[in-house]
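Peer 1: From just these sequences and the hints, can you work out the full model?
4 protein chains.
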Amino acid sequence: MGSVFGKNIKISVFGESHGPAVGVVIDGLPSGFDIDYDIISKEMGRRKPSSGVYSTSRNETDEVEILSGINNGKTTGTPIAAIIRNIDRKSSDYDELDRLLRPGHADFSGFIRYNGYNDKRGSGHFSGRLTAPLVFAGAIAAQILNVYDITIGSHIDSIYDAHDLRFDSTKITKDQLLMLRSMDIPVNDRSCRELFLQIIEEARNNSDSVGGIVETAIIGIPAGIGSPIFENVEAKISSILFSIPAVKGVEFGEGFGITRLYGSQANDSFYIEDGNIYTKTNHNGGINGGITNGMPVVFRTAVKPTSSIAKEQDTVDIKEGKNAKLMVKGRHDACIVPRAVPVIDAVAAVAVLDILMDHYGLEGFNKGRKHNGK
Amino acid sequence: MGSVFGKNIKISVFGESHGPAVGVVIDGLPSGFDIDYDIISKEMGRRKPSSGVYSTSRNETDEVEILSGINNGKTTGTPIAAIIRNIDRKSSDYDELDRLLRPGHADFSGFIRYNGYNDKRGSGHFSGRLTAPLVFAGAIAAQILNVYDITIGSHIDSIYDAHDLRFDSTKITKDQLLMLRSMDIPVNDRSCRELFLQIIEEARNNSDSVGGIVETAIIGIPAGIGSPIFENVEAKISSILFSIPAVKGVEFGEGFGITRLYGSQANDSFYIEDGNIYTKTNHNGGINGGITNGMPVVFRTAVKPTSSIAKEQDTVDIKEGKNAKLMVKGRHDACIVPRAVPVIDAVAAVAVLDILMDHYGLEGFNKGRKHNGK
Amino acid sequence: MGSVFGKNIKISVFGESHGPAVGVVIDGLPSGFDIDYDIISKEMGRRKPSSGVYSTSRNETDEVEILSGINNGKTTGTPIAAIIRNIDRKSSDYDELDRLLRPGHADFSGFIRYNGYNDKRGSGHFSGRLTAPLVFAGAIAAQILNVYDITIGSHIDSIYDAHDLRFDSTKITKDQLLMLRSMDIPVNDRSCRELFLQIIEEARNNSDSVGGIVETAIIGIPAGIGSPIFENVEAKISSILFSIPAVKGVEFGEGFGITRLYGSQANDSFYIEDGNIYTKTNHNGGINGGITNGMPVVFRTAVKPTSSIAKEQDTVDIKEGKNAKLMVKGRHDACIVPRAVPVIDAVAAVAVLDILMDHYGLEGFNKGRKHNGK
Amino acid sequence: MGSVFGKNIKISVFGESHGPAVGVVIDGLPSGFDIDYDIISKEMGRRKPSSGVYSTSRNETDEVEILSGINNGKTTGTPIAAIIRNIDRKSSDYDELDRLLRPGHADFSGFIRYNGYNDKRGSGHFSGRLTAPLVFAGAIAAQILNVYDITIGSHIDSIYDAHDLRFDSTKITKDQLLMLRSMDIPVNDRSCRELFLQIIEEARNNSDSVGGIVETAIIGIPAGIGSPIFENVEAKISSILFSIPAVKGVEFGEGFGITRLYGSQANDSFYIEDGNIYTKTNHNGGINGGITNGMPVVFRTAVKPTSSIAKEQDTVDIKEGKNAKLMVKGRHDACIVPRAVPVIDAVAAVAVLDILMDHYGLEGFNKGRKHNGK
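Residue numbers (the working numbering), protein chains in the order written: chain A, 273 to 646; chain B, 273 to 646; chain C, 273 to 646; chain D, 273 to 646.
A hint or two may mislead.
Because identical chains cannot be distinguished in the list, a pair is counted as satisfied if it fits within a single copy or across any two copies.
[Claimed, not checked] Here are the simulated DSBU-like cross-link-like pairs (lysine-lysine), alpha carbons at most 35 Å apart as the crow flies:
| id | residue 1 | residue 2 |
| --- | --- | --- |
| 1 | Lys597 | Lys446 |
| 2 | Lys601 | Lys591 |
| 3 | Lys583 | Lys320 |
| 4 | Lys279 | Lys346 |
| 5 | Lys279 | Lys446 |
| 6 | Lys443 | Lys591 |
| 7 | Lys443 | Lys601 |
| 8 | Lys601 | Lys552 |
| 9 | Lys552 | Lys594 |
| 10 | Lys583 | Lys597 |
| 11 | Lys552 | Lys320 |
| 12 | Lys597 | Lys320 |
| 13 | Lys594 | Lys583 |
| 14 | Lys583 | Lys443 |
| 15 | Lys320 | Lys346 |
| 16 | Lys320 | Lys601 |
| 17 | Lys597 | Lys443 |
| 18 | Lys443 | Lys314 |
| 19 | Lys594 | Lys446 |
| 20 | Lys443 | Lys320 |
| 21 | Lys446 | Lys346 |
| 22 | Lys320 | Lys279 |
| 23 | Lys552 | Lys279 |
| 24 | Lys446 | Lys314 |
| 25 | Lys346 | Lys552 |
| 26 | Lys597 | Lys346 |
Derived by calculation from the structure, the hints in this document are not laboratory data.
If you're wondering where the values come from, they're calculated on a predicted model, not measured in any experiment.
Peer 2: Structure (C-alpha cells):
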C-alpha cells in the first residue's frame, strides 16, 4: 500500500536512511536485454552527493548489489532485485528530531501516518536516499528503451529566479540529451552554470536553500502510446514524479503558460512531410488526449528548496506538546535540484517502459530486439 | 487498460459522444450512506453546457439513470452503475473530421492508438462528454466525504491573463467552498466575474478560445492520510486530474512558485494550539512527504484553451496524405474552464475517497457513520 | 473493491437481480476486431433458463444492449459497456427472505459484509443473474481468441454420482469443443445425457437439488504464456472461476488425482516431432510452473448443488434473533451445472485474453490480425 | 508482471536458486506490531530441507537478513525487505539441464516464456527455494493476524493413497492448529505419521516420488470478510495457492466432494446460540457467496509428486532438437508435501491479511491493537 509502482513493469522500493539497506525489485522486464553496469554506475554517480558546492560532503557510497534477474549480463525476465547498503549510519545528528518536527519535512505527517512507529533517523523511508533505488531502476529501464531509440534527458530550467534556455520543443536531438546527461549542472545555455552555482552558494552562506525547475524531454517515443482515460501518459508520468520528495508541480508542454495563449496559438498545427505527420509547434508537449503524437514529450517539474536549513525555525516539540525552536544540524544540500535531475530522468524511464509494455507486450519486445539485430 | 481508476474505490468510465450512452461503474463504496439525488442533479447541472455566454447551446440533457448499487436511497455497498443517454447525436457537423485532423485534439494520436477503429464522431471516447460520468461519481463520493466533514471546492484562479484572488490557504472555510459550488463563475473576488466573461466573449468574437487556471481546496481531511512512496496524495490527485481533457499542469501549495522562495520561506513552521498542531503558512498545500498534515489541501490545475475554434488552421488530410486547411464547424465553448470546475471537484472527491479507504477500511466507514449519529 | 477483474483486460460487473439492470464494462480490448452479435446471442442463450427439465421456467429475457465500444461492428478499443434489463422483477416470493437466512446462500455473510444494506431481493448482487454479463464478456473475448485459433469448450464431467467420459487430454480437437458448445447438455459420451437428466429430475421430484463437475479444455494456446510467480495461468483462471457462484473446487490436469500417481507417472515426458515439442501424456493440464507448454489446458470445476430447495430447512430469523424453519419458495433450477458450463467457458476466455495481452500487447494483436488476413 | 501479489498488502518475491539471494518485499503493513524473530526462525525451519527421511540433505541455511521496515522490534509501516543468501550454489549437477528438458518441470515452458534467457541453474526462479521468502512473509502476516486471534494451521490429509483424519470442520481449536504447526509430519491421527514416512521411503527406494493433499483451517476470522464478485475469499486464497510450485488443485469445504451431496445435505443450516449465528455443518468451508460466515475456513490443496526423480525418463534435447533420455541427478525430496505445509500456511496468512485490510484499514488495525491492550 504505497511503495509499489506500475502495471506491467512493477517497481517495489524499500528501505530507510539509517537501516541496513535501501533497494528495489523490478518486476515484469522483458528478457534477453544487455545490461551495462557502467551505465548504472554513471547514473548512480549523477545522483550521489558530490563534493561540489551545491551538495553535501556526506559519504554515501552507492554501491549497488544485484541479487537476481540478471544472468550473463542479460535480463532473465524474472525480477531484478538490487540493494544499496547504508554505510554512513551515524544518527547522533538526528537525535533531537525525535521530538522537534522539522518544517517542510514529513516529520509530523509521517508521525501521524505511522502512529509514531516509523524509523525517524535521517528521515527514514522519506529520505532522499530512497531515490537511489529509483535511479537504479531508471538506469535499467533506460537501457531497454535505448534499444528502441527512445532517449530521455533533462536540463535545469531555473534555480530560484535565474533561467536557462528552454528546449526548442520541436527540435530536440539525442546528442543534446546525452550531452545533458553528462553534465554536473545540465543546462542548455552553458553560461547559466556559473550563475546557478552562485545563487546556490549565496543561499548556503545564508544558512538557507533554494529550489528550481527541471525540464525534461523524451524523444523517439512513437505516436499512439497511452491509454485514456486514466492510464494516459500525463497521468502515469505525473504520478511517479510526485513520488519524488520535494516535487510540488508538474506541467506538460506549455503547462500553466498555455493558459496565457489563445486557442489559435495553443493548438499545434499538423503537417505532413515524406509521409510522416508532425506538428509545427509543440505547445502540448507531444501529447494529445493523453496519447503521444510522435513529437518530443516535454514536461517540467518544480522542485522546492531543501527543507533542511541551518536557520532557526519555529516548530513544535511533539513529546512535550509545546512550541519550540529548531536549527537543523548536519550538512545538507543547499539545493537538491542538480541531484533531482537523474531521479527525474530515471522515473520517467520507468513510466515510459511501463506504458510501452501495454503496446508491445513481451513478444513485441522480443521481436523488436531482433529487428535491432540482437 | 485505461478506463479504470482507483485501488479501493474503482471507477470504470465508458462511452462515446455519439454512441448510445456514456456512464460509469463505481465499485468499492461503503454501504448504508444516504444518497441525495438533488445533489447529483445540481453537480450534473454545473457541468452541463449552459446558455451562458461562455458555453455552447448544444442540447445535452444529462439525465442520469442509476442501474444498481443504491436501494431505498442508500448505497448497498455493491457497484453503482449509472448511464447518461446521448440524445443530441447529430453527427453531420463532424463528417469531414474523418479526414482532417483537428489541431489540439486527439484525432491523430487517437487514430494511431486505435488503428483508426475508434469512433470519431464528436471526439468519441475523447469527448468532454465523458466528464459527465466523472461528475456523477464525484457527486456520490462527495456525499460520503461530507459525513466526515470533508469539503471540496474550487474557484477560477485565472482566465487568460486576468486573475482572481487566491485562497488564503490557512483559512479556508466550508461556507466559502459551498458558496463557490453554487456560483456559475466561481470566484473569490466577485468583481472578477464580469472581467472573466468579457475575456471569454472577446475570444468568441474572434473565433478563438481561452483557457485558465482552477484553484481547489480540500478541507477537513485529517492528518496522516496517504501512502508513500507511490500512493501519496499528490500522485493520486494529479493522476486523475491529468485524465480530464485539456489539463496540462498540476501544482500543490505554492507549486511552481515555491521555486522562487528560499527554504526559510517555503518551510511551513509548526505551532500548537489547544493541543492541535498547525502550520503558520501553507506553502506545501497541506501535504508533506506525500501525506496530509491536517491543513487545507490546495492545488491548481491548468486548463488549456478549447481546441475547437472556428478560425482556419493548418492540418493534414489523413486519408489523402496531404496538407490541408480546416475550420472546425459547430458550436463550441469559447472557454471550458467554468465547466471544468465541477469536474475537478468531482475527481478530487473520488481520489480522496479512494485514499481514505486505505486508512479507514469498510469497517471504519461503518463506525464513522455511527459516530455521526446515523 | 470487488467487482473488477483483470490486469490488461478489465471487466467491471454490476447489478442486482431485482434492480433495473445488470451489466459489464470491458476495458482494454484491442481495436478493429469483428464482433458477431449472433455468437453473443447464442452464448447468452446457453446460459438462459430454458424450459428444459433441469431448469426453471422463470422468464429471463437476456436482451443485451451495447452502449459503447463497438462501432460498425468492430471493437473500437475503448470500453465496451453492455446492460441487460431485469424484466421479471416480481419480488413477492422473496419477502420473508429479509428475515430468514437461506442455508447455502450468502444471506448471512452478505448481511454482515454490507451491514444489512445490500439489496436482498432475489439474492441481489449475489444472484446467478450476475453471470449473464460474464457470459457476454466471454462471448466478446472468445471471438478475439478465435482469430488466434484459440478455442475453449467444456463438457459435464459428472452430475451427482454419474460420470461422462473425460477428455483425452492430448487429443482434443476444435470440432469437438465447438460441438460441445452447441449441446444443451454437453457430454463426450452421448448416452450420459439421459442419465444426467434423470438424476436431475429425481432430485427435483424430491424437492432437492444436485451438483456436478465441469471439465474444460483450452486448445490453441501457445507455449510460454503466463508470468510466475503470481500471475501464472492457474492462479488467474482459478481466481475467476471461484468468482462464479456455487464453485467450490478447481483442479488442473489430473488435479487432486495426481496425488495418487507416482512422480514417474505424473511427469509428462517430452518428445519432438517435425520440430515441435509435445508431451506424451498431459497430467499437468498443459501447464508447467504456471506457464503453458503448448498442450491443451485442461481443468475441472466443482459446482455445488443448487442452494435453493423446496425442502424445509433449519435456519435463523435474523430480525427476531431466534431459530426458525424455512422452505425456499419460487421455482429454482434443480441443477445449475448445465447453465454453469457457458459461464465457465466465458470466464476462461476473459482470463486467457487478459494473460495473452501481457505477451502480445496491443500491437501484437494488431499484427496478429494482419497475419490472419484481416 | 508476475512476481507481485496483493492489493493492500503487496508482496514482491524475487530471486533464483543459484543467484546471490532470494527475498521478498512486503508493502502495506500496519505499523507498531511486535515481530518475534523466533517465530520467523521456527517457520523458516519448518520449510527447510531436514535430515528426515522425506527430505534431501542439501545444505540450505535459510538465514534471513531483514533490510528494512522493522525498528525496535516493531513494524514501522514501511516496506519490510528480507533476503536469504544462497550459500550452496554448486551447479554442476545441473549442467546437462541446459539441454535436457526435465518432465514435470518448467524447463520447456520457461524456456519459451523467457526466450531462453532465464537462469536455469537449479530451476532458477522456478525453484522451490523461492518458497522461503513466502514463508518469511507468512510468518510476519501470521503474527499480525494473531493479535486478532486468527490462527491458521494444516495437516497432511493424504500421502499417495494413505489418509489422515480430516478436520471436524465445525470444531477446530487454536490449540489443535498450534500443535500441528509444531509437528514435522503434521497429522490429526498420530498413527499416520509412520505410514506416511513409509510410503515416502518406498518411493525413494524406487527412485520415484509421491505427492499428497494438505488440509488447512483458518479460525477466528470474523464473518463478513471478502468482496464479491472477484475479490472474494476463495478467489484470493486459491490464486496465491496456485502460485506454489506443484499445486494442481484447490477446494473449499467439501470441495469436489460436494458434488456428491444433495442440496439438502450440502446446505449448512444456521442456528443461533447466545446471540451468535453458527452453521450446524460446514460443507461450504466457512464461505458463502465468497464471504466468510464466521465458521472455520477450510480448504484442501493438491500437491503433485516431486518432478525430479532419479528414474530414467523420455525427453527432448532442446539444443540438438532430438529425442533423448534423462535421469535427474542430485538429491531431491521424494515427497515435498511436508515442506509444502508451512508454505501453504504462509500464503494463506498473506492472503487473509490482504483481505482483512479492506475491512479494517490502517486505522482499524491501530484501534484493534489498542483493544488488545498493546
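Peer 1: Taking the hints in turn, state whether each one holds.
Peer 2: Verification of the supplied hints:
no.: 1; hint: Lys597 / Lys446; verdict: between (50 Å within a copy, 32 Å between copies)
no.: 2; hint: Lys601 / Lys591; verdict: within (20 Å within a copy, 63 Å between copies)
no.: 3; hint: Lys583 / Lys320; verdict: within (25 Å within a copy, 52 Å between copies)
no.: 4; hint: Lys279 / Lys346; verdict: both (22 Å within a copy, 27 Å between copies)
no.: 5; hint: Lys279 / Lys446; verdict: both (28 Å within a copy, 34 Å between copies)
no.: 6; hint: Lys443 / Lys591; verdict: between (56 Å within a copy, 27 Å between copies)
no.: 7; hint: Lys443 / Lys601; verdict: between (45 Å within a copy, 32 Å between copies)
no.: 8; hint: Lys601 / Lys552; verdict: between (52 Å within a copy, 22 Å between copies)
no.: 9; hint: Lys552 / Lys594; verdict: between (60 Å within a copy, 15 Å between copies)
no.: 10; hint: Lys583 / Lys597; verdict: within (10 Å within a copy, 60 Å between copies)
no.: 11; hint: Lys552 / Lys320; verdict: between (39 Å within a copy, 34 Å between copies)
no.: 12; hint: Lys597 / Lys320; verdict: within (31 Å within a copy, 52 Å between copies)
no.: 13; hint: Lys594 / Lys583; verdict: within (20 Å within a copy, 63 Å between copies)
no.: 14; hint: Lys583 / Lys443; verdict: between (44 Å within a copy, 27 Å between copies)
no.: 15; hint: Lys320 / Lys346; verdict: both (26 Å within a copy, 31 Å between copies)
no.: 16; hint: Lys320 / Lys601; verdict: within (20 Å within a copy, 48 Å between copies)
no.: 17; hint: Lys597 / Lys443; verdict: between (51 Å within a copy, 24 Å between copies)
no.: 18; hint: Lys443 / Lys314; verdict: within (26 Å within a copy, 47 Å between copies)
no.: 19; hint: Lys594 / Lys446; verdict: between (55 Å within a copy, 28 Å between copies)
no.: 20; hint: Lys443 / Lys320; verdict: within (31 Å within a copy, 40 Å between copies)
no.: 21; hint: Lys446 / Lys346; verdict: within (25 Å within a copy, 39 Å between copies)
no.: 22; hint: Lys320 / Lys279; verdict: both (29 Å within a copy, 33 Å between copies)
no.: 23; hint: Lys552 / Lys279; verdict: within (34 Å within a copy, 37 Å between copies)
no.: 24; hint: Lys446 / Lys314; verdict: within (18 Å within a copy, 51 Å between copies)
no.: 25; hint: Lys346 / Lys552; verdict: between (40 Å within a copy, 34 Å between copies)
no.: 26; hint: Lys597 / Lys346; verdict: between (53 Å within a copy, 30 Å between copies)
Consistency note: the structure conflicts with none of the earlier hints.
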